[in-house]
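Following the hints, put chain B in place on chain A, whose structure we already have.
Listed in order, the protein sequences are those of chains A and B. FYI, the working numbering numbers position 4 of the first sequence as 4, with every residue one higher than the one before it. Each position in the second sequence, counted from 1, maps to that position plus 42 in the working numbering.
Because the hints were derived from the structure by calculation, they are not lab data. Hints may be right or wrong, so weigh each one.
Simulated restraints on C-beta separations [unchecked claim]:
| id | chain 1 | residue 1 | chain 2 | residue 2 | range |
| --- | --- | --- | --- | --- | --- |
| 1 | A | L14 | B | R205 | 53 to 63 Å |
| 2 | A | Y20 | B | L93 | 14 to 24 Å |
| 3 | B | V76 | A | G25 | 34 to 44 Å |
| 4 | A | Y20 | B | Q123 | 27 to 37 Å |
| 5 | B | A279 | A | L14 | 55 to 65 Å |
| 6 | B | P67 | A | Y20 | 24 to 34 Å |
Beta carbons: idealized from backbone N, C-alpha and C, even for Gly.
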Amino acid sequence: MTQVAARLPLWPQLPLALRYMLGFGLLFLCLWLPAFATLFRR
Amino acid sequence: MRGRFAGLRVWLLVGFGWPLLLKLPIGVLFGQGVGLLAAMLGIGLLVLAGLRMQRGQAGDMRRGAVLFGVAAGLVAGLGVQLWPPIAVALGFGAWAGVRLLTDDIPEAEAPPPPPEPIAVPAPLQEAEDRLAALRARMVWGAPVLPLAPQLRVTVEALERLLRDMIPRPERIPEARRFLAMQLDGLDRILVRLEAGAEPPASLAPLLDGIANAADEWRARMRAAETEALDIQVKVMAERLREGGG
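Bound-form chain A, shown alone (with noise of 0.2 Å):
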């Protein structure tokens, strides 16, 4: 199977860590969170 890398251009060299944190803060809060306040909506 040959392995495409799919690169980003806006983000291309972020370190790994750095990407992850800024990942799962990002989905945390727009996901996340939203998902969480439906709970208190009507």
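Coordinates of chain B only, in the frame set by chain A:
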């Protein structure tokens, strides 16, 4: 680290939407129609994204991330009833987060397109069509026709010859004459047999003869190729000897 725990990571990201699962019973219990709709849409899109990313073909990571973004935007806009631009911004945020977390997961290349069917050279197309027509008549007429097995063997021998001729366009004219002649003959024999003619005793040997002749043609073509290869090998050996010595 490249691509490790890819499947696990993908479903971990989908897991960020777990409060939506909780919203389902709450929405049902308190009759919150819009909230319920948002939760169902969100869960559906997230699962779809997870499946897409798990498949891991070329472009699946990008498409999965877009689905994540749409799910987040929908949940924020419809479920939390945020101001739409903010919901859209949150969607973009979720998309970016997923891209950051899955960018290093390798994707398989898209499966290669199915191979093109063998192109039959134009001069052989007619023979091919006639053989196909003969075969169709044999299939329908086989039980009633006398000597059907021999007829089928003959047609198959001619088909094998045709297949062998396809990669050798330079031999087409001579072999095509042979094919056309035999096809004409077979066609007439079939017409008579279909009309109820009793096959003469000499028909079976004739059919065998046609099949044998077709096989001989194939053998002759193969022999010619072998001879050509032989010459090629000799020439190359000669050149090698001259150049290397």
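- [ ] Could you tell me which of the hints above the structure violates, numbers in ascending order?
- [x] Of the numbered hints, just 3 does not hold.
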